[in-house]
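Model the placement of chain B with the ligands on the given structure of chain A, informed by the hints.
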Amino acid sequence: MMDKLKLAVFELTDCGGCALNILFLYEKLFDLLEFYEITEFHMATSLSEGNHYDVALVTGTVSTQRDLNLLKEARNHSEYLIALGTCATHGSVQGSVELPIREKLKAVYGDGGNPMRALDSKPVVEYVAVDFALPGCPYDKEEVYQVLMDIDKGIEPVRKDYPVCIECKLNEYECVLVKKGLPCLGPITYGGCKAVCVRSGLGCIGCRGPLPGEVNPAGEYEILKDLGYDDEYIVRKFKTFARWEP
Amino acid sequence: MIIEMREFTRVEGNGKAEIVIEDGEVKDVRLQIVEGPRFFELLTLGRHYYDVPDLEARICAICYLSHSVASVIGIERAFGVEVPGEITLLRELGLIGELLESHALHLYLLVAPDVFGYPDAIRMATKHGELVKEGLALKAFGNRIRVMVGGREIHGINVKPGGFGRYPTVEELERVEKESEALLRLARRAVRLFAQLDPYGAQARHFVATDGYLWGERLVSDEEGAFHYTERIEERSLVYSFAKQSRYKGEAFFVGALPRLLLKSEMLTPTAKRLFEEHREKLSSGYVSYNNLAQAIELVYALERANEIAKTLLDRGIEGENVPVEPREGEGIGYVEAPRGVLIHHYRIDGSGKVAYSNIITPTALNHAMMEASLLEEARKLYGEADERAMIGRLEETVRAFDPCISCSVHLVKF
Ligand code: SF4
Ligand code: SF4
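Chains as they are written, first to last, in our numbering: chain A, 179 to 424; chain B, 3 to 417.
Just chain A, with the same shape it has in the complex (with noise of 0.2 Å):
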């Protein structure tokens, strides 16, 4: 029999549904966990017995030391990473803030501040390299299972590169750009969601990070002008899961 991959999940700042999302999967969990051993899930289990994993996942922002010391940790003794989730891919909500971290910290704390040390929150991808980025706020769960799958079988997952329009067009959903007027960010967003929002008859809020290559956000920006959203509204809307550039 071969041996179980070992696996981690490292949490860093962030809301924890990345981390919960594996939770979810529920009878599939069980389907890894013939070809997985999960060694580290603060979240999941009081044992931690690792030091070596072939796979670690993990989730969130580097938003204070402690972030960046876990993640330098999970990075020394991984073979493969995983940027999960848009925190990690994109630095997500709370990394969208503009402000200096001095500033922040002093609108939240008061004058006193806070003594404990915070960094402006930023995407893992910012600090080390990674084998795969799996965005999403949260990211599909039938995705990760997938990418373990594949991983687990030799197979390099492939990311998914293409709009959350295609989705829309393979479930055929009516697009809420053209027909209601909504501001969706369909058409530059990266696909693979299955369009779910589109689903409800509401706008793509761009929850899996801005799609680079050849989609184009002016004419997504023209567009939004035209059916009347100012700039104001059209930028932020655009910069609220990606301060950072992918």
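Treat the hints with caution; some may be incorrect.
[As the list claims (entries may be wrong)] Calculated from the model, a selection of chain B residues having no Cβ within reach of chain A, i.e. all distances over 12 Å: (1) 43; (2) 103; (3) 155; (4) 229.
[Stated by the list, open to error] Simulated crosslink set (BS3-like; lysine-lysine; CA at most 30 Å straight-line): (5) A:338 with A:403; (6) B:162 with A:415; (7) A:206 with A:184; (8) B:135 with A:206.
[Unchecked claim] Derived coverage of chain B by chain A (criterion: at least 3 residues anywhere in the stretch with Cβ under 8 Å from a Cβ of chain A; other residues may be distant): (9) 47-55; (10) 83-94; (11) 160-172; (12) 212-221.
Hints listed in this document are in silico derivations from the structure and should not be mistaken for laboratory results. C-beta: ideal position from N, C-alpha, C; glycine also.
Just chain B with the ligands, lined up with the frame of chain A:
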């Protein structure tokens, strides 16, 4: 001397504690929230109101719907918007889904391993597979409701000021009606299991909850008179924690399932009320550890209430109409019972619909002082008696009883 507890496991987010020993006695306990700050109020300042609930949802994955609903209610109150019964019932159903999902996660996957002596539910499953499966079944049902009302299992954007993006179908509601009935048996079993636990932690002296069961116009406490949080609750920064600490009239207090039962038992559904009466004596002792039992009773409440709501909506039919929302200058507070207790979203919005002030207080921040008090009490009891590892294990259980959600607690701002 300081005994350092390593970071808590089987809780959401990152926190730890230090136990200060002087002259052979426990002098103090410091609960340190080491999760970095998340700046949510800054994020929402200047934002158009329509986008705010979706952002606030990201405060916490376990209770994202509580955040979106509290946010939506705060915004609607600021604009003087009233929504009809159908929308209110659907929001309540969403909160119930969240309660089921969150309590099942906490009780079966995070606490039960302590009861049976395992490090986690996965390893517990080899001997107690049935129980783990039952927990997962309840959790999955709660999540199906969250998908139906909220749009996704985590961070859905379907809950909007004035209504929803999409309304549930008759088939979906029929499924809720059926499944809630079928699962009731499991929840009752959970009550029996958690009723056997011995008490630990401190005995809370003050309890706070919203004036309705899952949300309200104001807060209530064990003293008389409903009140706004600004009247009796104060927050302060600590030098050793990224979370602030709240006090009720200067004292530690408790929010969560146990306070809800103790303050609002007359609002419970029939079976839940019966179970509450059966265990009333224990629960009234106020030991924080009975929060686990209270959560189990709330599983029963949630299933019965989900069933009632589904029936009501099926009887009257769903119209699926949103209420128009016109921004105007105003101020509003949304009070919701997140699974782990009172959640407050307070906004001032300007005439163009942009957020000008926002304050959010989460249950874990409200419970922070009570958690410290409980750790102190338990440490005093155990120090010198038990060996250090056993003591630390029990202290971790004490923290766990609060079902703390640390990620939520770290983003306060005041201007
Ligand atoms: S990416 Fe979104 S869901 Fe994942 S941890 Fe960050 S805020 Fe939470
Ligand atoms: S549609 Fe957009 S906002 Fe919704 S899940 Fe997909 S990427 Fe995220």
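Hint check results:
{"no.": "1", "hint": "43", "verdict": "violated (8 Å)"}
{"no.": "2", "hint": "103", "verdict": "violated (9 Å)"}
{"no.": "3", "hint": "155", "verdict": "violated (6 Å)"}
{"no.": "4", "hint": "229", "verdict": "holds (25 Å)"}
{"no.": "5", "hint": "A:338 with A:403", "verdict": "holds (29 Å)"}
{"no.": "6", "hint": "B:162 with A:415", "verdict": "holds (17 Å)"}
{"no.": "7", "hint": "A:206 with A:184", "verdict": "holds (17 Å)"}
{"no.": "8", "hint": "B:135 with A:206", "verdict": "holds (13 Å)"}
{"no.": "9", "hint": "47-55", "verdict": "holds (count 4)"}
{"no.": "10", "hint": "83-94", "verdict": "violated (count 0)"}
{"no.": "11", "hint": "160-172", "verdict": "holds (count 5)"}
{"no.": "12", "hint": "212-221", "verdict": "violated (count 0)"}
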